[in-house]
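Number of protein chains: 4
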Amino acid sequence: MYSFKNDYAEGAHPNILQRLIESNLEQHPGYGEDAYSVKAKQLIRQQLAKENTGIYFVTGGTQANRLVMTAFLRPHEAVISARTGHIFVHEAGAIEASGHKVITIDSPDGKLTPEAVEDILQQHSLAPHMVKPKLVYISNSTEIGTIYTKQDLTALSECCRKNQLYLFMDGARLGSALAAPTGDLTLADVARLTDAFYIGATKNGGLLGEAIVINNPQLDVDFPYILKQNGALLAKGRLLGIQFYELFRNDLYLNLARHANAAAARISDHVRSKGYKLLIASPTNQIFPIFPNTLIEDLGRQFQFYPWKKINDQHTALRLITSWTTAESMVDAFIAAIH
Amino acid sequence: MYSFKNDYAEGAHPNILQRLIESNLEQHPGYGEDAYSVKAKQLIRQQLAKENTGIYFVTGGTQANRLVMTAFLRPHEAVISARTGHIFVHEAGAIEASGHKVITIDSPDGKLTPEAVEDILQQHSLAPHMVKPKLVYISNSTEIGTIYTKQDLTALSECCRKNQLYLFMDGARLGSALAAPTGDLTLADVARLTDAFYIGATKNGGLLGEAIVINNPQLDVDFPYILKQNGALLAKGRLLGIQFYELFRNDLYLNLARHANAAAARISDHVRSKGYKLLIASPTNQIFPIFPNTLIEDLGRQFQFYPWKKINDQHTALRLITSWTTAESMVDAFIAAIH
Amino acid sequence: MYSFKNDYAEGAHPNILQRLIESNLEQHPGYGEDAYSVKAKQLIRQQLAKENTGIYFVTGGTQANRLVMTAFLRPHEAVISARTGHIFVHEAGAIEASGHKVITIDSPDGKLTPEAVEDILQQHSLAPHMVKPKLVYISNSTEIGTIYTKQDLTALSECCRKNQLYLFMDGARLGSALAAPTGDLTLADVARLTDAFYIGATKNGGLLGEAIVINNPQLDVDFPYILKQNGALLAKGRLLGIQFYELFRNDLYLNLARHANAAAARISDHVRSKGYKLLIASPTNQIFPIFPNTLIEDLGRQFQFYPWKKINDQHTALRLITSWTTAESMVDAFIAAIH
Amino acid sequence: MYSFKNDYAEGAHPNILQRLIESNLEQHPGYGEDAYSVKAKQLIRQQLAKENTGIYFVTGGTQANRLVMTAFLRPHEAVISARTGHIFVHEAGAIEASGHKVITIDSPDGKLTPEAVEDILQQHSLAPHMVKPKLVYISNSTEIGTIYTKQDLTALSECCRKNQLYLFMDGARLGSALAAPTGDLTLADVARLTDAFYIGATKNGGLLGEAIVINNPQLDVDFPYILKQNGALLAKGRLLGIQFYELFRNDLYLNLARHANAAAARISDHVRSKGYKLLIASPTNQIFPIFPNTLIEDLGRQFQFYPWKKINDQHTALRLITSWTTAESMVDAFIAAIH
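Protein chains in written order, with our numbering: chain U, 3 to 341; chain D, 3 to 341; chain P, 3 to 341; chain H, 3 to 341.
Hints listed in this document are in silico derivations from the structure and should not be mistaken for laboratory results. Any given hint could be a false lead.
Note: identical chains are not told apart, hence a pair may lie in one copy or across any two.
[Claimed, not checked] Lysine-lysine pairs mimicking DSS-like chemistry, simulated, CA-CA at most 27 Å apart:
hint : residue 1 : residue 2
1    : Lys164    : Lys276
2    : Lys276    : Lys152
3    : Lys279    : Lys164
4    : Lys134    : Lys164
5    : Lys152    : Lys312
6    : Lys41     : Lys276
7    : Lys7      : Lys152
8    : Lys312    : Lys41
9    : Lys134    : Lys279
10   : Lys52     : Lys276
11   : Lys41     : Lys164
12   : Lys311    : Lys134
13   : Lys134    : Lys312
14   : Lys41     : Lys279
15   : Lys279    : Lys52
16   : Lys41     : Lys7
17   : Lys276    : Lys134
18   : Lys312    : Lys279
19   : Lys7      : Lys164
20   : Lys52     : Lys312
Quick caveat: nothing in here was measured; it's all calculated off a predicted structure.
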């Protein structure tokens with residue numbers, strides 16, 4: 003049965019595997035000093051339009067989030083997140099384990115606004131009895147497939163700078179956001195408007211890997227120590243370097259994300275054309291069609307997916323995720339199965 | 003101006019000061035091995051109707067809460083609390099700083115129910131991506147003056163045991179709860195129905211001090227190390243021992259709480275008799291009368307208190323707190339000022 | 003039996019108790035905002051010859067040390083300490099529990115030198131695989147009774163500034179150091195030469211209390227949050243304020259330390275006059291006479307003390323500690339018992 | 003220039019790369035539930051001669067060590083390690099960052115003995131002022147190439163069980179230890195004699211990966227939460243599963259280690275035959291020849307290696323490390339260069 007459960011079910015883009023084979027017996031220094039890591043950082047910096055930005059390759063998103071909070075925050079400083087934020091829901095308390103409270107904002111579209119952030123600041127003014135909000139965590143694309151526009155991100159960035167808050171973007175699915183047809187952000191915009199963010203490879207064609215980018219030079223101090231201390235520094239750093247080297251040569255990163263988004267859009271379009279609704283308007287590779295339970299049962303005989311939310315006794319919203327390698331034929335088959 | 007802002011504005015009951023003076027030049031072993039600490043624990047154990055319960059004296063409530071969570075929980079285990087819980091709002095992230103997430107329940111009366119707790123368990127079933135709820139934190143009396151009845155606590159205790167959760171009661175204001183006219187819990191009940199709790203002296207006549215009581219022997223392992231490591235073990239432990247020794251001789255602890263509750267009840271009764279409402283039905287020493295803003299302005303010329311909540315453009319709820327030493331004359335004066 | 007085991011066996015200087023009684027029914031704001039805390043800080047600042055230094059009262063030495071490390075250090079930053087340092091030996095791993103490694107230096111006299119510190123820096127140059135030494139922890143007087151001269155401390159201070167290390171002095175027994183006949187440091191010197199230190203009251207006439215002084219303004223940021231988060235902020239902060247208010251009025255602090263030192267010196271002098279040796283040359287209230295075991299057995303029938311170190315089969319070094327309230331008569335009795 | 007600096011300079015054994023390619027488009031569940039991880043664990047369990055042992059794949063040695071300490075130890079519990087232990091020297095304070103003190107033992111051969119461990123226990127008996135030693139950390143092969151015999155490990159295991167200490171083996175180079183000609187331990191012995199250990203793949207032919215094995219069922223509780231919370235759970239767990247699946251099919255793991263050891267032994271033999279000495283008698287892939295500095299200069303023109311220790315003004319000990327893929331021709335060339 004073909005799975006639309008997630009975007010990390012397969013391995014990696016063939017270019018990455020090919021490079022692993024070709025480079026296999028080259029001797030390289032360890033711990034991220036290898037030539038592939040060095041070159042990959044150069045390729046990324048070109049797209050950031052920044053020269054001295056700190057870039058660090060790590061193995062996963064929870065690790066990236068925890069490292070950033072650990073490095074940036076003093077013990078009493080807290081994080082502001084949407085209630086749907088990955089750090090609040092699905093990271094087993096990683097941020098709290100590193101000592102920091104996650105303050106949440108209820109947000110139907112999974113995004114944060116300056117108003118909501120400033121409201122949190124007001125609620126936390128009773129120093130020193132309450133935590134001190136210090137870092138705003140956003141995901142782009144969000145955990146429910148929505149994206150930040152340049153206007154959204156500019157407003158939030160200004161709010162953060164005005165209030166001396168750090169702005170950090172979880173980019174586990176940054177590719178899908180940047181490649182979204184309704185999006186207008188570039189990597190250079192993200193680098194300009196945030197203090198730090200990460201570029202996810204695991205969910206966009208890599209075997210593993212997230213590239214943490216630290217734009218604020220005051221925060222880019224001694225980060226390698228934090229990596230090492232948290233067990234995030236691979237001896238064979240070449241493995242991570244090669245992922246990003248291949249993804250950032252020839253625009254592969256955005257092309258793979260476009261493929262995933264297009265597959266999702268084809269399904270969304272068909273869902274609407276058949277008269278069904280989508281729970282959330284998502285231009286990315288996560289979509290949430292609302293189907294009758296009987297249809298869901300039929301689809302479940304051919305495909306794997308997660309139910310997302312009960313709508314009423316007869317209807318449920320599904321979560322479908324497409325990927326960098328979702329086969330056209332499977333999209334066709336899924337569409338055909340919607341009756 | 004007389005203050006109704008809190009119950010820790012004055013020093014200590016004279017018996018305590020007297021004992022400090024009388025014992026001053028006695029030599030005692032340090033770190034809680036002194037004769038007063040030993041005797042105080044015996045007095046408390048008598049009321050608990052338990053022989054081998056672990057009792058540990060510490061200097062404050064935030065410290066007590068943090069110590070307990072640090073000692074009882076593994077890193078991935080989380081705490082369930084009412085959203086009004088002191089640990090969630092007013093401890094500067096102490097629990098998160100010790101590594102644990104605080105999961106909240108919206109509760110209008112500040113209390114937790116078995117249903118609400120089990121709902122949280124269901125929401126956190128996606129192991130290992132979510133934290134594991136392990137300890138239920140309740141306050142009695144709560145942060146808004148309400149109390150648990152024996153029926154409430156029995157139900158919650160059964161729920162916790164069924165679900166392998168620890169039940170911990172924050173007793174910063176346990177005296178006011180046990181002494182409340184509508185209450186039916188004894189110290190022995192609390193000891194029987196919880197895994198641990200603490201008895202607050204700071205807000206009930208002591209200079210400082212909370213007595214952590216660990217009822218569950220599996221949790222009473224190596225706790226002194228946790229005290230020492232967290233800087234909670236006083237060299238002159240006699241200072242804490244003397245607080246509890248005096249408070250638990252001759253029923254002083256409950257008598258002081260009765261005094262505070264009675265003062266609050268006199269004000270509440272008068273508020274109602276004048277046709278004003280109370281935001282919350284509280285039988286303890288925290289009350290929340292709703293007054294016209296003009297009256298509040300008048301009262302503010304004679305008394306200190308905190309505004310609690312805006313009710314509408316003309317009315318605000320106040321928080322008034324009485325204490326073990328609130329003067330009758332001041333209650334009279336306050337009542338007289340309500341017109 | 004009279005105890006020479008430690009300097010915290012009795013209560014507090016009577017002035018402190020008297021003030022507790024006189025102020026008992028005054029209403030004061032909580033959490034260190036009371037008038038006694040405010041005035042005590044003014045008195046201390048006068049002796050520091052500094053105006054805006056941060057001063058924070060806490061309940062004990064382990065707490066003070068842990069708070070300072072927690073507030074000052076990032077996760078990968080480590081502490082340098084003598085192997086005899088209290089933080090390394092007798093604080094149950096408090097510093098490590100707050101995340102920081104303690105790097106030790108073997109030092110026969112319990113003191114650190116610039117050479118030893120720079121040696122540690124050289125040994126830790128392999129970034130990011132090793133911790134980054136960042137704070138130099140010294141005790142004065144040390145755990146074995148020795149003291150830093152102005153020359154010692156100046157040299158260490160210059161070394162720290164040159165190497166961007168923080169210099170922190172544990173002053174659990176700072177009184178005995180400042181009052182030592184061979185000492186030449188003043189509180190103002192200590193404030194000028196360190197980044198932070200604390201003034202211990204627990205072992206010099208207070209019921210409890212250490213005054214953390216932060217001289218480096220870059221380190222004096224948001225410290226009250228750290229206090230609160232670690233359960234170190236007393237609701238009735240007046241209790242701490244009163245200790246320091248009384249100790250720093252009328253030179254009581256130094257006078258009490260002089261009393262303790264003098265009592266120890268009388269014993270030391272007699273030990274030497276009887277032909278016995280002292281293990282360490284200590285000008286403070288901790289002394290280490292070497293006695294035949296038969297004499298120790300005799301002394302042990304009248305006095306309590308700790309054996310410190312076996313010298314040979316017939317001889318053992320004792321640790322004797324005198325205090326702010328050691329009775330002359332007991333010193334006489336002890337001297338008389340040395341035969 | 004050919005490098006003898008370490009055993010992680012190249013990529014992975016070709017079988018692993020081949021399997022990555024063949025399996026690339028298979029869809030697998032994430033987070034370690036994939037078929038390769040499942041099968042790899044079965045293969046390992048067969049060699050352990052245990053059925054229900056917990057096995058968890060992580061990305062590196064520092065991560066493995068930190069996870070184990072985090073999962074097994076309560077806050078006041080400390081680790082005993084040789085002073086040369088990787089956790090003490092080269093993990094940037096990872097263990098302390100997770101809250102635990104590392105107590106060290108000076109050991110010329112990098113190994114721990116029951117006597118040395120029991121000595122540490124005696125020195126830490128002053129509860130609760132000192133940390134509580136709870137876990138004995140050993141490396142096999144050690145950081146200086148030595149190995150534990152079955153007799154060594156049996157004695158240490160008995161000592162640990164008698165004293166209620168956990169015994170944990172860092173197996174970053176476990177292959178080289180098990181394959182050493184003078185060694186007599188099997189994986190099954192290690193599983194029987196320790197509470198937990200890990201099997202290192204990164205330094206023995208894998209791209210990355212260490213397999214944590216938890217033999218003590220009381221310690222194998224909720225470990226996946228710890229993995230997730232610390233960012234150690236790869237979304238594409240197949241990447242780790244495939245490393246171990248290939249290494250544990252057909253005895254590849256031990257064969258690769260034998261290759262590395264044999265290359266080192268050839269150099270050692272030649273060193274001795276030329277009349278030079280070795281600093282440490284190592285039967286594994288790390289060797290420490292002592293050469294004249296003039297010879298070292300010559301060798302340095304053809305090969306990369308680390309100087310290890312200055313012996314005298316004319317001589318220095320080198321550290322040479324061979325690997326699973328060290329070319330025969332390079333061993334020949336190195337030998338030829340020793341004159």
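Checklist entry - Should Lys164 paired with Lys276 be assigned to within, between, both, or neither, using CA atoms and 27 Å as the limit? => result Classified as neither: same-chain Cα gap 47 Å, cross-chain 48 Å, threshold 27 Å.
Checklist entry - Is it within, between, both, or neither for Lys152 and Lys312, if the alpha carbons may be no more than 27 Å apart? => result neither (33 Å within a copy, 38 Å between copies)
Checklist entry - Between the shortest in-copy and the shortest cross-copy C-alpha distance, which are at most 27 Å for Lys41 and Lys279: within, between, both, or neither? => result So Lys41 and Lys279 fail the 27 Å test inside a copy (45 Å) and across (42 Å) alike.
Item to check | Identical-chain pair category, Lys134 with Lys312, by Cα at 27 Å | outcome: Result: close only across copies, 24 Å inter versus 37 Å intra.
Item to check | Alpha-carbon proximity between Lys279 and Lys52, which holds within one copy, between copies, both or neither at 27 Å | outcome: For Lys279 and Lys52, neither the intra-copy (42 Å) nor the inter-copy (53 Å) Cα distance is at most 27 Å.
Next on the checklist: Within a copy, between copies, both or neither: which one fits Lys134 and Lys164 at a CA-CA cutoff of 27 Å?
Outcome noted: within (15 Å within a copy, 33 Å between copies)
Next on the checklist: For Lys7 and Lys152, with the copy left unspecified, which applies at a CA distance of at most 27 Å: within, between, both, or neither?
Outcome noted: This pair counts as neither: shortest intra-copy Cα distance 30 Å, inter-copy 48 Å.
Checklist entry - When no copy is specified for Lys311 and Lys134, does a C-alpha distance of 27 Å or less occur within a copy, between copies, both, or neither? => result between (34 Å within a copy, 22 Å between copies)
Next on the checklist: For Lys279 and Lys164, with the copy left unspecified, which applies at a CA distance of at most 27 Å: within, between, both, or neither?
Outcome noted: neither (40 Å within a copy, 42 Å between copies)
Checklist entry - How do Lys52 and Lys312 come out at 27 Å by Cα distance, when the copy is not named: within, between, both, or neither? => result Intra 46 Å, inter 44 Å, cutoff 27 Å: neither.
Next on the checklist: Checking an output row: Lys276 and Lys152, CA cutoff 27 Å. Within, between, both or neither?
Outcome noted: Neither: 33 Å inside a copy, 58 Å across copies.
Item to check | Within, between, both or neither, where Lys41 and Lys7 count as close if Cα-Cα is 27 Å or less | outcome: Between copies only: 23 Å across chains, 34 Å inside a chain, cut-off 27 Å.
In terms of the numbered hints stated before, the structure departs from hints 1, 2, 3, 5, 6, 7, 8, 9, 10, 11, 14, 15, 17, 19 and 20, listed from lowest to highest.
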